[in-house]
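Read top to bottom, the protein sequences are chains W, E, B and G.
Mapping the first sequence onto full-length UniProt numbering, position 131 (from 1) lands on 131, and the numbers just tick up by one.
Mapping the second sequence onto full-length UniProt numbering, position 33 (from 1) lands on 33, and the numbers just tick up by one.
Mapping the third sequence onto full-length UniProt numbering, position 137 (from 1) lands on 137, and the numbers just tick up by one.
Mapping the fourth sequence onto full-length UniProt numbering, position 57 (from 1) lands on 57, and the numbers just tick up by one.
Think of the hints as simulated: they come from the structure by calculation, not from any bench.
In this text, all values refer to a predicted model and were calculated from it rather than measured experimentally.
Mixed in with the good hints there might be a few duds.
One copy or any two copies: either way a pair holds, since identical chains are not told apart in the list.
To be verified - Below, a list of computed lysine to any residue pairs in the SDA-like style, where the Cα atoms sit at most 20 Å apart:
1) Lys149 / Val40
2) Lys148 / Val40
3) Lys149 / Glu21
4) Lys97 / Leu47
5) Lys148 / Phe16
6) Lys50 / Tyr22
7) Lys149 / Glu35
8) Lys148 / Pro41
9) Lys97 / Leu129
10) Lys50 / Pro26
11) Lys149 / Pro41
So you can see what is in the structure, the chains are spelled out below.
There are 4 protein chains.
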Amino acid sequence: MIDIFTTGGTIDKIYFDALSEYHIGPTPLPDILAENNVYVPHRVTQLMRKDSLELTDDDRQAIHDAVAASDADKILVTHGTDTMVQTAMVLADITDKTIVLTGAMQPATLRNSDAEFNVGFALAATQTLPHGVYIAMNGEVFDPATTKKDRDAHRFIRA
Amino acid sequence: MIDIFTTGGTIDKIYFDALSEYHIGPTPLPDILAENNVYVPHRVTQLMRKDSLELTDDDRQAIHDAVAASDADKILVTHGTDTMVQTAMVLADITDKTIVLTGAMQPATLRNSDAEFNVGFALAATQTLPHGVYIAMNGEVFDPATTKKDRDAHRFIRA
Amino acid sequence: MIDIFTTGGTIDKIYFDALSEYHIGPTPLPDILAENNVYVPHRVTQLMRKDSLELTDDDRQAIHDAVAASDADKILVTHGTDTMVQTAMVLADITDKTIVLTGAMQPATLRNSDAEFNVGFALAATQTLPHGVYIAMNGEVFDPATTKKDRDAHRFIRA
Amino acid sequence: MIDIFTTGGTIDKIYFDALSEYHIGPTPLPDILAENNVYVPHRVTQLMRKDSLELTDDDRQAIHDAVAASDADKILVTHGTDTMVQTAMVLADITDKTIVLTGAMQPATLRNSDAEFNVGFALAATQTLPHGVYIAMNGEVFDPATTKKDRDAHRFIRA
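Take these sequences, add in the hints, and give me the full structure.
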């Protein structure tokens with residue numbers, strides 16, 4: 001069983017014309033997994049719908065508690081990219097699970113989104129990596145303790 | 001360095017109206033990797049453009065030789081799904097590399113293709129799995145020796 | 001009221017992996033009209049699902065009769081491109097309606113399909129053109145009597 | 001010859017992650033017309049890249065002057081939907097051309113955008129309608145003098 005927790009972020013953004021703005025919408029994870037015929041047992045839980053710049057300590061604690069309470073040892077967390085490393089560090093004390101965080105630079109609703117590729121990549125990582133916490137972005141697996149988001153290059157790099 | 005070898009299959013099919021048929025086209029791998037901002041060093045080599053039902057023993061030997069000759073120890077092979085297991089078995093004697101085979105049930109040119117998800121998934125597998133040969137389809141990693149394609153269910157299963 | 005009759009053709013083709021072939025599926029018209037928030041009253045009737053090279057005289061007569069029996073004076077017919085002109089000529093004796101035929105060179109299921117553009121184009125034509133029969137393809141309105149499909153150029157031209 | 005003038009608006013919005021905002025980008029018109037194999041002679045001129053709520057009287061005058069100076073009598077203007085009616089009224093004194101304004105409720109970069117459908121629809125309208133100024137949205141042709149945008153319903157209606 002893979003427990004998937006969604007928290008918001010760019011990956012979940014949808015376009016609302018009424019306000020001409022981009023809002024966090026419902027997670028696209030169920031659709032992505034269905035479209036790609038993913039049979040491996042999994043559960044999707046939407047914890048929150050927040051831009052990661054707006055996550056509070058309480059929010060990160062809530063994510064931590066949900067992950068720690070899971071009976072699965074394979075965890076995928078979708079998350080905004082801006083503070084993904086921060087949340088990963090909060091999860092670091094959970095040592096009996098493989099926890100992978102991913103997100104997207106472009107919303108899943110965009111034609112050229114990286115959402116599907118990243119979710120596929122991260123789903124493999126949850127099943128193949130040993131216990132620990134990881135960032136999976138740009139086709140690479142990163143150790144949160146030594147990585148950061150390079151905004152201008154639209155990718156994560158080793159700090 | 002990840003060496004990516006493309007061989008054809010549904011993942012590479014494009015629609016030609018002139019003949020009202022679906023033909024194998026150039027591999028979409030470079031576009032997929034670029035669109036998803038994959039920075040990890042990689043090389044894409046198009047070995048052939050064949051439906052996997054049309055691969056001959058010579059073709060599979062050519063794939064084997066290209067993989068064996070690679071100086072990389074992370075190999076991704078995109079391949080038609082119909083005889084993916086067969087090619088994987090031919091590669092089984094290469095024991096000093098992580099070799100992952102993937103493809104797609106729906107061409108990359110389709111709006112709801114599984115191509116991007118599968119390539120993302122397989123790219124993670126090449127970087128995280130120990131040496132050996134694997135099938136990566138439907139969000140799961142399979143041992144070629146114990147798997148087969150279930151045509152009606154549009155997925156791979158443990159035989 | 002715009003009466004829309006669908007008959008098959010490339011616009012309706014969907015990809016079946018089980019047979020590795022492209023089959024005519026249900027018409028994408030309802031989805032296209034919903035996605036594009038088309039409010040003008042309309043009705044969609046699927047008459048048949050045939051490649052236009054396989055339409056018989058009886059089929060074309062059936063299309064003719066359905067159009068003639070419609071109480072609407074604005075008719076859109078989606079049709080395979082190979083014999084679209086032929087069907088248009090069969091409809092030529094219906095003089096009290098604006099009848100527009102369109103289709104697609106690439107199935108609606110393809111990422112870069114011309115289906116949506118062509119349906120939008122044709123829907124405007126049904127509402128603005130005087131009574132008569134027209135082909136609407138490649139961003140142009142053609143008189144069936146003086147047009148033909150140029151297969152190699154993937155478009156319709158004045159003969 | 002159809003003269004196409006682009007001014008910005010939602011149809012041209014692209015997603016910049018660096019600022020997590022949606023910005024007006026280059027017009028997608030050339031790509032849309034190429035993808036849909038539009039052969040009818042046309043020219044695309046990007047006049048500005050502005051959200052239509054930010055257009056000034058000088059901007060609307062600039063649009064007016066570009067249209068009036070065109071040697072074509074078929075004009076398509078892509079425009080933000082919020083003040084499309086306002087610009088249409090400014091163009092009303094140009095009586096020797098067919099001028100059609102369209103835009104999109106969802107950016108062209110979105111998977112389910114109405115951009116392609118609307119551009120196809122409007123392109124037909126420029127070729128079939130008599131001289132005058134029109135709004136083409138939601139699969140309908142509107143007289144600017146008697147129409148307005150219904151924000152909540154995401155469409156244009158007769159006022």
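Structure-based check of each hint:
no.: 1; hint: Lys149 / Val40; result: between (30 Å within a copy, 15 Å between copies)
no.: 2; hint: Lys148 / Val40; result: between (31 Å within a copy, 16 Å between copies)
no.: 3; hint: Lys149 / Glu21; result: between (24 Å within a copy, 17 Å between copies)
no.: 4; hint: Lys97 / Leu47; result: within (19 Å within a copy, 39 Å between copies)
no.: 5; hint: Lys148 / Phe16; result: between (30 Å within a copy, 19 Å between copies)
no.: 6; hint: Lys50 / Tyr22; result: both (12 Å within a copy, 17 Å between copies)
no.: 7; hint: Lys149 / Glu35; result: between (29 Å within a copy, 18 Å between copies)
no.: 8; hint: Lys148 / Pro41; result: between (31 Å within a copy, 19 Å between copies)
no.: 9; hint: Lys97 / Leu129; result: both (10 Å within a copy, 17 Å between copies)
no.: 10; hint: Lys50 / Pro26; result: within (11 Å within a copy, 30 Å between copies)
no.: 11; hint: Lys149 / Pro41; result: between (31 Å within a copy, 19 Å between copies)
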